[in-house]
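Kindly generate the complete structure, drawing on both the sequences and the hints.
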Amino acid sequence: MTYKDYLDYSKLPTIFCPGCGLGIGLRAILQSFSDLNLKKEDIIFVSGIGCSSRIPGYVDFDSLHTLHGRAIPFATGVKLSHPEKNVIVITGDGDGLSIGGNHMIHAARRNINIKVFLFNNMTYGMTGGQASPTTPLKKITSTTPYGKYDSDFDSVELLKGAGAGFIARGTVYHYNMLLKVIKESLIYKGFSFVEIITPCPTYYGRLQGIEDPAKFFIKLKDFVYSIDQKDVLKEEEKKDKLPIGIFKNERRETFEEIYFKIVEDLKTK
Amino acid sequence: MTYKDYLDYSKLPTIFCPGCGLGIGLRAILQSFSDLNLKKEDIIFVSGIGCSSRIPGYVDFDSLHTLHGRAIPFATGVKLSHPEKNVIVITGDGDGLSIGGNHMIHAARRNINIKVFLFNNMTYGMTGGQASPTTPLKKITSTTPYGKYDSDFDSVELLKGAGAGFIARGTVYHYNMLLKVIKESLIYKGFSFVEIITPCPTYYGRLQGIEDPAKFFIKLKDFVYSIDQKDVLKEEEKKDKLPIGIFKNERRETFEEIYFKIVEDLKTK
Amino acid sequence: MRKNFIFTGKGGQGIIFVATLLSQSAIIENLHSVQTQIYTAAQRGDISKSEVIISDEPIDYPKIENADFFISLTKKSLIKFKELIQENTTVLFDNTFEDLNEDFLTKNKIYKLPFTKISLDIFNKNEYTNIISLGFLIKLTDIIKEDSIIKTLEKMKKDFENNKKAFLLGINLYKKLLVEKEA
Amino acid sequence: MRKNFIFTGKGGQGIIFVATLLSQSAIIENLHSVQTQIYTAAQRGDISKSEVIISDEPIDYPKIENADFFISLTKKSLIKFKELIQENTTVLFDNTFEDLNEDFLTKNKIYKLPFTKISLDIFNKNEYTNIISLGFLIKLTDIIKEDSIIKTLEKMKKDFENNKKAFLLGINLYKKLLVEKEA
Amino acid sequence: IKRKTFEVIIDKNLCKNCLICLNVCPKKVFDLDEKYEIFVKNQDDCIGCKLCENLCPDFAIEVKEL
Amino acid sequence: IKRKTFEVIIDKNLCKNCLICLNVCPKKVFDLDEKYEIFVKNQDDCIGCKLCENLCPDFAIEVKEL
Amino acid sequence: MKEFLQGNIAASYGAIDGGIDFFAGYPITPSSEILEMFSKELPKFGKIFLQMEDELASICAVVGASLSGKKALTATSGPGFSLMQEGIGYATITEAPCVIINVMRGGPSTGLPTNVSQGDYMQSKWGTHGDHPMIVFSPKNPQEFYWLTRISFDVAFYYRNPVIILSDESVAHMRAEVERTLPPYNLKFKEKEKLDLPFNFEYDLTSNPFIGEGKKVRITGLFHDETGFPTNEKSNVEKVMNHLMNKIEHNKENLFLYESDGLENAEIAFVGFGIIGGLIKELKNIFDSKGFKTGFFRPITLNPLNDIKIINLFKNIEKVIVIELNKGQLFLDIKRILSCNKEINFIGFTSGDIPKIGEVYKKIEELL
Amino acid sequence: MKEFLQGNIAASYGAIDGGIDFFAGYPITPSSEILEMFSKELPKFGKIFLQMEDELASICAVVGASLSGKKALTATSGPGFSLMQEGIGYATITEAPCVIINVMRGGPSTGLPTNVSQGDYMQSKWGTHGDHPMIVFSPKNPQEFYWLTRISFDVAFYYRNPVIILSDESVAHMRAEVERTLPPYNLKFKEKEKLDLPFNFEYDLTSNPFIGEGKKVRITGLFHDETGFPTNEKSNVEKVMNHLMNKIEHNKENLFLYESDGLENAEIAFVGFGIIGGLIKELKNIFDSKGFKTGFFRPITLNPLNDIKIINLFKNIEKVIVIELNKGQLFLDIKRILSCNKEINFIGFTSGDIPKIGEVYKKIEELL
Ligand SMILES: Cc1ncc(C[n+]2csc(CCOP(=O)(O)OP(=O)(O)O)c2C)c(N)n1
Ligand SMILES: Cc1ncc(C[n+]2csc(CCOP(=O)(O)OP(=O)(O)O)c2C)c(N)n1
Ligand code: SF4
Ligand code: SF4
Ligand code: SF4
Ligand code: SF4
Ligand code: SF4
Ligand code: SF4
Ligand SMILES: [Mg+2]
Ligand SMILES: [Mg+2]
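Residue numbers (our numbering), protein chains in the order written: chain C, 1 to 269; chain D, 1001 to 1269; chain Z, 2001 to 2183; chain W, 3001 to 3183; chain F, 4001 to 4066; chain E, 5001 to 5066; chain G, 6001 to 6368; chain H, 7001 to 7368.
Hints listed in this document are in silico derivations from the structure and should not be mistaken for laboratory results. C-beta: ideal position from N, C-alpha, C; glycine also. Please note that a few of the clues may not be correct.
As the list claims (entries may be wrong) - Some, not all, of what chain G presents toward chain D, calculated at C-beta under 7 angstroms: (1) P6027; (2) T6029; (3) S6032; (4) E6036; (5) S6039; (6) K6040; (7) Q6051; (8) E6053; (9) D6054.
Unchecked claim - Covered by chain H, per the in silico footprint, the following chain G stretches (three or more residues, Cβ under 8 angstroms): (10) 6061–6069; (11) 6103–6113; (12) 6123–6135; (13) 6225–6239; (14) 6330–6340.
This is the structure we're talking about:
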């Protein structure tokens, strides 16, 4: 099997703009399924609203495109209805960290075994390039014409603070590394969070002065450094860049494990 | 001036149960105002919904008792309407970290100069002792009769992850330490977060098997250890306890500073 | 037959508990019954009130116009709900710490009894005040059998022995009073 | 006088821009005008469409029943909205890469012109295709003065020189065509 | 040297009888009356530490130096 | 030893002409035609690194070993 | 067997006896007893109980579960119900068969958390944006609260639509006798055609697969085709919209439950819903005994209302008196349906308490 | 001077010319242009622009600012409007003079983000729980969108009530000529008595202090006394509720704006609001020219409706045709108000587009 077997070609091409990175991320996720031999009937995609959240429309298995910010609680309902399935949340920086931030941190705390893939393009693509919680300070967007007034979340730090057990970040530019990280997260038992940095050439790219989507795509590599290099690189070399890699991979009892153990205990009582 | 000058005695006694710690926390906050010589017309309390959020009803200055979870956005509106005033959020663990968790982390990120005092009684007092995000794993509450299924937030870690500049925790049992922490937070410029651990004898106390409010109050000291002792104490001595103290006190540009600088720059253009 | 009961007192005194107990026991006897209450911060020491209707016909609407029996464990709560006391209302009052000499009660049959004192004397805590008063009430009204109350208490399991004891104390209190009166 | 214009093409071709430009310029001339558009992911390369009504009377309702002028920069978009093309509709089509020989257009006056090619030839990019086509249209329709368009362009500031140049290229294109025809 | 003396006043309109003062006072200044209600019993023993005042949740205690 | 050769196929129904392949190919296998559209120009130079295939956002490229 | 149950507990048993699989909720007075009851009972038989971080999460988890084929329920009150509106709208367009209990308290806003009102009548029909189908039931006492909750899953799954049970603090908190028997309603559930695609817009009612059955169920809150893929193609949009409305509209005779008495021979009709049901019944007795000819009418189904049925029922009535614990909401619908040639009066109580019959009596006298 | 403005931009200028101090919002199609416009303009004159984390935060920040005495506004569309309902209810009970623009798109749920509808008519009146007062205006074109937004702050502050401007994608996205002139509405604003307490329930309209004036303004979303302290004392609760409703109810003559033509001499009346305003005007011309006697009626104020005024206006009308971009919402109100002895018809369009006049014409012909 390859990624192709998980795609619903009848719905392609996607609605994504030329050079949008979302398709690459989708490909990496689907390739991971193939590499891990997941069956289509065992996978369910759940997303919110945004360009990234339109991804689930293109797959050849169950998918639930929900409300802006609410993918995680919907996924919670789906997962506990079908605890044996792989329930995977596809979300964006706006969907998952702005309006949906509360569900994100609570899911991390609650530790239900759902997998979150958050496509961070540092903007609201779908609605026209407004500032998002991950747009860095001082950047120009359609709602910060004089530079952004407030700092961005470092989602890795936020998820750590909320108690997530698996936390990683990759980019669509670093395809093979991304593939690896996604597979690790799928193997992990419990709530996992993977941020996928991806370009929105149409809005974010243009607003940063880069008209050519392919050029903006190539620039992604300047957005990040590898966490393996953390101690090697100088401070200036890391300045305004985000680390990529796996930041945490610690197993703890999942909600389901605790809950269904109680259910068992009650039966014997 | 003493704390008394900030109280509206015509509204006392409070609706709080006998032995509820909220009154002590209020007293500490008001005493801090007095110690710092704040004028009543320069202070505004904003709260959400919960027992803790009823505190603002008893003060002798402006107060806004809002919606469950929404104290922070209301306070944001108030603060930017009156940037020169001390806008202070009074909230609870349910109000501020459950339904209101998103506003909390975004306010920390945004760094508007509002002060948050979060009364953590590890339960929903107002509605009858249900589990809250700070109820520790396995504890019995009115919605976790078999023990809580999911872990609690460590609000200090959460706020760190969200980027807050001032983070502290105290208890109503440790009155003088609390007073000090509150004053530091009021002096700090920017978003500050102080968690105040407080007993809910009526629900949380009883559900932990302690009928006598005063006994439960005294037990508070076993809930915590001082962060100063962190390296001195053994792991067992810290187990299931929360550290108290000031965890972070780092100045960074506030939203208002950045915003109003842009306003000034635009004028000269 | 339709009888309206008001139970009132301070939050924490178990007002709701006895009201429910009475109402539930009526059901056992194949009577109809409805119990309602006010839901203000009762657990917190505020005023607490519960209404019980017992009837041999189905009860369509649970609102009491006025009380046949008004049981109050504190003066404050009695005064708060005094508009429910009409001429024909029988009043039970706990006079352990307070006395009751209100103008508006001149025409009523009033029983002033030291329910709290009895609880303190016998159990060393005031927790059973409510059930003692119910015992008295049951004997006084004679609508519900003692046994039904005890059965209901038994079903609830929790603290059955003491509850039963307290209930019987209330019954005896009435019997004693009766004897005194008759004497 | 009331004229309805449809502009359509691929997202990113500046369809909305020229429509707005035309409509806004009509206002300068104290005519009435309304511009509307479909709001589907236009920036993303999908089909884009805008309608403009110009009238000497106030426009109460902005819906076009059929087009007087239908400007399409791609075949796909022309076909998508073909129901707006009626017998009296004049069609402008960019034939740089595609030709147009549709049955349903047999009765229409059609101008097939290489707007994109001109833009590529002169500016080395296709960005000015839209304005070139507007220049042609303005000359063709003669409802709005050239000057009003240029004034509006000037107010917008951004890239005024090139826009003006492109606009004039369109005008010249029409003039050339006229000459050719007359010749 | 004469030891400082203090007056300990409970405002009965505010007190909710939670007994925190009773439990925190290092000098056992407080006690319960026959109605199980708090009262100041041994005022003379008070050392003015103000624990009771600070920790009374209902603003009901004042400790004044005499 | 004979060098491996590859077939590079672009599915024109899926391609959106973003030019990422053009920019990432280390061997300049791709170029633009007169309509400014991507096409496979120097297939023989392809070394099969699959960068283009993996990074095409629209599932439009397939690189096959021949 | 008669049990003595609080309204909220009765409803919870109704859900259990109706086969509940999944509950997610957030505490709020006066509905919290339902949450607490399920926290204790559901783990006992392996069903899911979740306390979520807020009501937004609760409704979304419940809709997620119901789209996964589970009998899922949430319970809340005014403020939480307002927060759930976006999720409820999503449930309507995705045809998610979930159940929402709203125990009404005094509003607007935080209002009167521990007091009764009937202020959410209109909101239960119109609270979410956009036209949408809705099924709303309202119980008059704990017994009916039990029955309606019990039947609600069947209704939701049959119509593939959310069902709202609009209860109130009074019904929810009163303790009364309840028999855990089958609901006495004559609701018909016919066999539905089984389809393979997740959606169908041709027939009113079909049986479509749920998530997790391996049928590539694609679902979106956007307008969509029968494969669940988003489209805003005009004729398809109209088809979807008509389908959503018609599946309820065409079945309103079946869905419309009500209680009435004496309307055929009466001149005066008392009208009310929920807790007021008992009041108007007593009023009829009282006024009949004084020589008036009265009847009463209580819709149990608040949406859809069956206008024609109501018009027929009220054929002979001259004077209508609508009594509600609000400022006149059912009243507006009754006025619209009946206004011609009838006098439609309104009596409202908004103090936070159910009125004494004496109080109501006086106000009615003024109208006679 | 005539400017050429998009509806959303016109509204933004209306707010600026009306003295806006504070904007908080969250992007959503088709209202985002308002947000973007303010992000650019407000810092220029030292006013506050905030992009919040969601709509819950946006409405709360706006209500917080308006209770601080600021002219505060938010703009959103369906899904965001649903999320704001709890906050809007809070604004009604705290008498917060804020303004909410809802640019309607296709619903329910995410529905049709880029298409027009008028599906939120009922929600704008009933979306939040509990009885509550509301003022709703709806513009027919960018010019009116400008005017209504400009006047909205004065109305909100005068009535101490939130004002909703219910626009739609069509009006919001169309570009047309707009003059930035004073609104032409004859709305009266009398002097109000200045009081020291934050609330007053005796008089309909008074001037009470705001937060930040040093007057100990205590505010709560619970029922409260005039000092703003919570109480559920029954007679006070009724007083508050009556005050809230009456301040609007007693002034509905003043608040009720509408446009109409030819109703006195007509037999047929076309009725619609918002973008349909232009359509019914054209319909009148067309049908009059064919020899019919027609008129049209367009409420600009959607809430409160002035029933008596409407009844009077329609005195001579025999046939009413209500046209909306929904399944019949204003229609229900019109039916309630007018149904006696008139035929009330409804024509709805829900494809996501405004209909061509030809289409409408055909449907009307079927009714004649
Ligand atoms: C409740 C609600 N608010 C706002 C919107 C409008 N909206 C749609 S997508 C979006 C932002 C999406 O951002 P992100 O998740 O980063 O996705 P992207 O498009 O950037 O991939 C917004 C604000 C909505 N649909 N619903
Ligand atoms: C939207 C909404 N949901 C739920 C409630 C019910 N409610 C009131 S207070 C409260 C919990 C308060 O918990 P916390 O903030 O910890 O305050 P505490 O009472 O413990 O001090 C809840 C759930 C509400 N008022 N509004
Ligand atoms: S707008 Fe941005 S994120 Fe959305 S599809 Fe286009 S490029 Fe991708
Ligand atoms: S319920 Fe708990 S938190 Fe609330 S007042 Fe009582 S003791 Fe305090
Ligand atoms: S601590 Fe205060 S409230 Fe508690 S018993 Fe002592 S005086 Fe009374
Ligand atoms: S001041 Fe100290 S010693 Fe004196 S009564 Fe209070 S607690 Fe006791
Ligand atoms: S990367 Fe893919 S979509 Fe982009 S130009 Fe190449 S083949 Fe086309
Ligand atoms: S596989 Fe590598 S070398 Fe071959 S075309 Fe693709 S990118 Fe170029
Ligand atoms: Mg994004
Ligand atoms: Mg709490």
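To see whether the hints hold, each was checked on the structure:
1. P6027: holds, 4 angstroms
2. T6029: holds, 6 angstroms
3. S6032: holds, 5 angstroms
4. E6036: Since the shortest Cβ distance to chain D is 5 angstroms, the answer is holds.
5. S6039: holds, 4 angstroms
6. K6040: K6040/G check passes; min Cβ-Cβ to chain D is 5 angstroms, inside 7 angstroms.
7. Q6051: Nearest chain D Cβ about 5 angstroms off; hint holds.
8. E6053: holds, 5 angstroms
9. D6054: Hint on D6054/G: holds, closest Cβ of chain D at ~4 angstroms, below 7 angstroms.
10. 6061–6069: violated (count 0)
11. 6103–6113: holds (count 9)
12. 6123–6135: Contact hint for the segment 6123–6135 of chain G vs chain H: holds, 9 residues under 8 angstroms.
13. 6225–6239: holds (count 5)
14. 6330–6340: With 5 residues closer than 8 angstroms to chain H, the segment 6330–6340 of chain G meets the three-residue bar; holds.
Consistency with the previously given hints fails for number 10 only.
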